[in-house]
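K.L.:
Residue-level listing of the chains:
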Amino acid sequence: MSVELRYSRSARSLNKSAWVNVGIRLSAIILALLFTSVILLIAKANPLQAYKSILHGAFGSTIKLTSVIASWVPLVIATSGLLFTFTAGLWNIGMEGQIIMGSVFAVGAFRFLDDTSLAPALVITLAFVAGAVGGILWALLPGLMKIFGGVNEIFGGLGLNFVAKTVAIWLIFGPWKRPGVASGSGTEWIDIQYRLPYLPGTNLSLTILIIAVVIAIITAVMLKGTHFGLRLKAIGKNDKAAYILGVPTSRYFLLAFGICGFFAGIAGSILVTSKQYSLIPDAGFGYGFLGLLVAMLVNYHPIWSSVVALFFAALSIGNTELQYMGLNSYFAGVLQGFLVLFVVLVDGVRKQLVKTR
Amino acid sequence: MKISFSHIHKRFGNVHANNDINLVIPSGSIQGILGENGAGKSTLMKILTGYYHADSGEILLDDRAVKITSPVDAVRQGIGMLHQDPLDFPPMRVIDNFLLGSRGGLFPKRNEVEKEILRLSREFDFQISPDTYVETMTVGERQQLEILRLLWLGVKVLILDEPTTGISANQRDKLFATLIKLAKQGLTVIFVSHKLEEVEQLCDRVAVFRQGEVVGEVEPPYDTDEFVYMMFGKSVEVGEKKTFCTELPLIQLENIGLEDYRLHLGNINLEIYQGEVIGLAGMEGSGQRLFLHMLTGLLRPVTGKIKLTGEDFTGKTYPFFQKAGVAYLPAARLEEGLIPGMTLTEHFILSEEHSELFVDQKSALYLTEERIRDFYIKGTPVSMIEQLSGGNQQRALLALLRRKLKLILMEHPTRGLDIESAIWIWSKMKERCKECSSVVFTSSDLDEIIQYSDRILVFFGGLVSEPIDATTTTVDELGQLIGGKGW
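Sequence order for the protein chains is A and B.
Just so you know, the first sequence maps onto residues 0 to 356 in numbering that gives the first Met the number 0.
Just so you know, the second sequence maps onto residues 0 to 486 in numbering that gives the first Met the number 0.
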């Protein structure tokens, strides 16, 4: 702050550019809504009514509202992890696979510890640790492949997403199949004592909410206030120069991947203990991909990511209501996709204009 | 093509980078643009080439008012610029760089273009092969490539922004011959520089810039003192040569062999003493960079031993050298030395060693303000590094050096700087030498090498000379060695 106060002229221009940024995002949202409306009209639906029912679906009751928050939790955790890799200039496309691996390891831990006499709280904690280990391992793979094999992390991550999903399916239909008949609906549910209890009258566990808030705060503080965050940023912007200036780039690449994988594993464990209670083929629920969209949309600013993640969660939960209008409930994806496209587009256009001005 | 600037104004925030510029450059001549860093030379050239748009004023080409909207548009109108840092596509071949800039046609005509490259290359006595990867070329060669490319695109006006920084004396002579030839063919050449000697040698007429204004236009015969007075508004004296050697060796090199895919240097034996300055002379790409990289741990020698204060450092990586007090300032500032998108303050925080978790913004700001003052950097702590002029970036790079250092390795430390800044930088280096730091540097300016070195190594075609005493050698003697005579 003091930097900005003392350099008031620069501060003013900084503030100005901050407002320009808000303006860009607002205009992108308006454009996205317009385009989505056009598509709704083509589908012969009333856009206003559709948006209204999304709002209603997201905030119409306590259950709905808490469902939004429950869905915000894994999303904001995934986004937080991705902020670390993005800051280091890494495209961790493998986030989804890392969440799946977190779920796999968490479910594995529950199966392994099921018949022991350990206290449930301890078992749950161990399952979270296992999930975190799974996420970290799966995230370090593309990191190691990049550093020692020269494999671009995008391709590494993409491939590992498929592998993670395949591992989950193999477990579901193979070693971990339900007694009797194996089913695509997943493995057997974990024991009721291991499920995180919801607050009365809601769909939300207080524990996961606390975890998410803590992770979001840690992320913001780490990236904005610490030497670690600054070094990550330096690597992301110019890894050659950062190395010459004394940042051990390989180690920081791995750290970024590791932290991201840690958060992915936590997100996976949360999905197991408070949502699905089992391993299903689509164990990541797309939160890894959605997290990528959120991170891009907020231009990698940790504080905004919580807000935008809430908006995305509301869309995802709210759009189930669209079914009553005869629309597909994946419709929120259209709006989310348009949002990111237009933010990137408007921002790109602005940069072009600034360059020549 | 005749170029006229009429009442050009350009402001960046509070800085009036171009203040009412009026200048006419006749066709078929070499026009010098002289001025110190930040005088507004580059800004005017960027306006002419469409990178910036002037706030007000007019550009006339052959007396016709034109609007130049972008660099591509500039080339279309016949204006090409050679940048201080070459803008090409390093991971591609020479020929692909040509094809990328050409217009039209679904299928590029590889064979024709290849022939053209070879023809142009021969005409100007350049050695550029169409199939070389650009990233393997030296700054000098990349510059030659860019000149060929612009000529091939048919430009009528060639702008060169500080073209002799970072290239060898031989390449410079070739460049000058080329420019004279081009001017005779009717091209208009604009030569932007702060080097008096070169401007005097080459240019038909010179416009001197100071603080965003044209303070004078001069034609031969030139008077150096007059130029200096116009550039700085005062006279400047060259600093006195001093040496501060002690007898303790800092670095011992035993039978060092260095290699990359096209060069092999063998059998280097050398002791570098504390407080000594060693200058590396030679044509660009003769192995000086390999030598510096070996001394930083960025390149592992294929044979031999490196000892740092008696301890074996062979095979250790850069972080070990850095911890031991070795610093490296690369030539490509924005590619290897600094981080575009980060502020000066952030650079200073990064460059210091920190063990604590949180950034202490207050002390970082204090440090940055102090360094900005000490190093006369034109910028504020929150300025993004890429917004600084080339010379100020170089000052920032020097300001980033840690306090206690044993060995400072520099590539072209005064490249792109005016005389006053260069003298000042060397006074800073000599202060370090007094504290027993050693300096090893490359330069294409032989006067600089002789002026500031204690001993000199000449590199030529895979050979490294015995150390030459700088007090007894001459520019001529070094020039002979660099050119391959007397080995």
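No wet-lab data here; the hints were simulated from the structure.
Where a beta carbon is used, it is the ideal one built from N, C-alpha and C, also for glycine.
Treat the hints with caution; some may be incorrect.
Per label pair, the in silico range of CB-to-CB distance [to be verified]:
(1) A/R250 x B/G478: 54 to 62 Å
(2) A/L344 x B/K108: 31 to 39 Å
(3) B/V71 x A/V162: 52 to 60 Å
(4) A/R250 x B/K403: 23 to 31 Å
Pairs of lysine-lysine residues, derived as BS3-like cross-links and limited to a Cα-Cα distance of at most 30 Å, are as follows [unchecked claim]:
(5) A/K236 x B/K429
(6) B/K405 x A/K236
(7) B/K361 x B/K306
(8) A/K164 x A/K239
(9) B/K306 x A/K239
(10) B/K405 x A/K239
(11) A/K350 x B/K66
(12) B/K173 x B/K484
(13) B/K361 x A/K223
(14) A/K236 x B/K155
(15) B/K322 x B/K433
(16) B/K315 x A/K239
(17) A/K223 x B/K322
(18) A/K239 x B/K155
(19) B/K377 x A/K223
(20) B/K484 x A/K239
(21) B/K361 x A/K239
(22) A/K43 x A/K63
(23) A/K239 x B/K429
If we take Cβ atoms under 8 Å as the criterion, some of the chain B residues that face chain A in the derived model are [what the hints assert, rightly or not]:
(24) P339
(25) M341
(26) I348
K.L.:
Please work out if A/K164 and A/K239 have their alpha carbons no farther apart than 30 Å.
P.N.:
violated (35 Å)
K.L.:
Is the hinted pair B/K315 and A/K239 satisfied, with a Cα-Cα distance of at most 30 Å?
P.N.:
Roughly 18 Å separates the two Cα atoms, so the pair holds.
K.L.:
Is the hinted range of 54 to 62 Å satisfied by the C-beta distance from A/R250 to B/G478?
P.N.:
Taking Cβ atoms as reference, A/R250 and B/G478 lie about 46 Å apart, which means the hint is violated.
K.L.:
Next pair to validate is B/K322 with B/K433; report whether the Cα-Cα distance is within 30 Å.
P.N.:
Distance ~21 Å between B/K322 and B/K433 Cα, so the pair holds.
K.L.:
Do the numbers back the hint for B/M341, that is, is its least Cβ distance to chain A under 8 Å?
P.N.:
holds (6 Å)
K.L.:
Starting from B/K361, check that the Cα of B/K306 is at most 30 Å away, please.
P.N.:
Measuring from Cα to Cα gives roughly 40 Å; hence the hint is violated.
K.L.:
Given the hinted pair B/K405 and A/K236, is their Cα-Cα distance within 30 Å?
P.N.:
holds (29 Å)
K.L.:
When you take the CB atoms of B/V71 and A/V162, is the distance between them in 52 to 60 Å?
P.N.:
violated (45 Å)
K.L.:
For a C-alpha distance cap of 30 Å, please report whether B/K173 and B/K484 respect it.
P.N.:
Measuring from Cα to Cα gives roughly 18 Å; hence the hint holds.
K.L.:
Does the structure keep A/K43 and A/K63 at a Cα separation of 30 Å or less?
P.N.:
holds (27 Å)
K.L.:
Does B/I348 hold up as a contact with chain A if the rule is Cβ-Cβ below 8 Å?
P.N.:
holds (6 Å)
K.L.:
Within a Cα-Cα threshold of 30 Å, do A/K236 and B/K155 meet the stated pairing?
P.N.:
violated (37 Å)
Checked against the numbered hints given earlier, the structure breaks hints 1, 3, 5, 7, 8, 14, 18 and 20 and satisfies all the rest.
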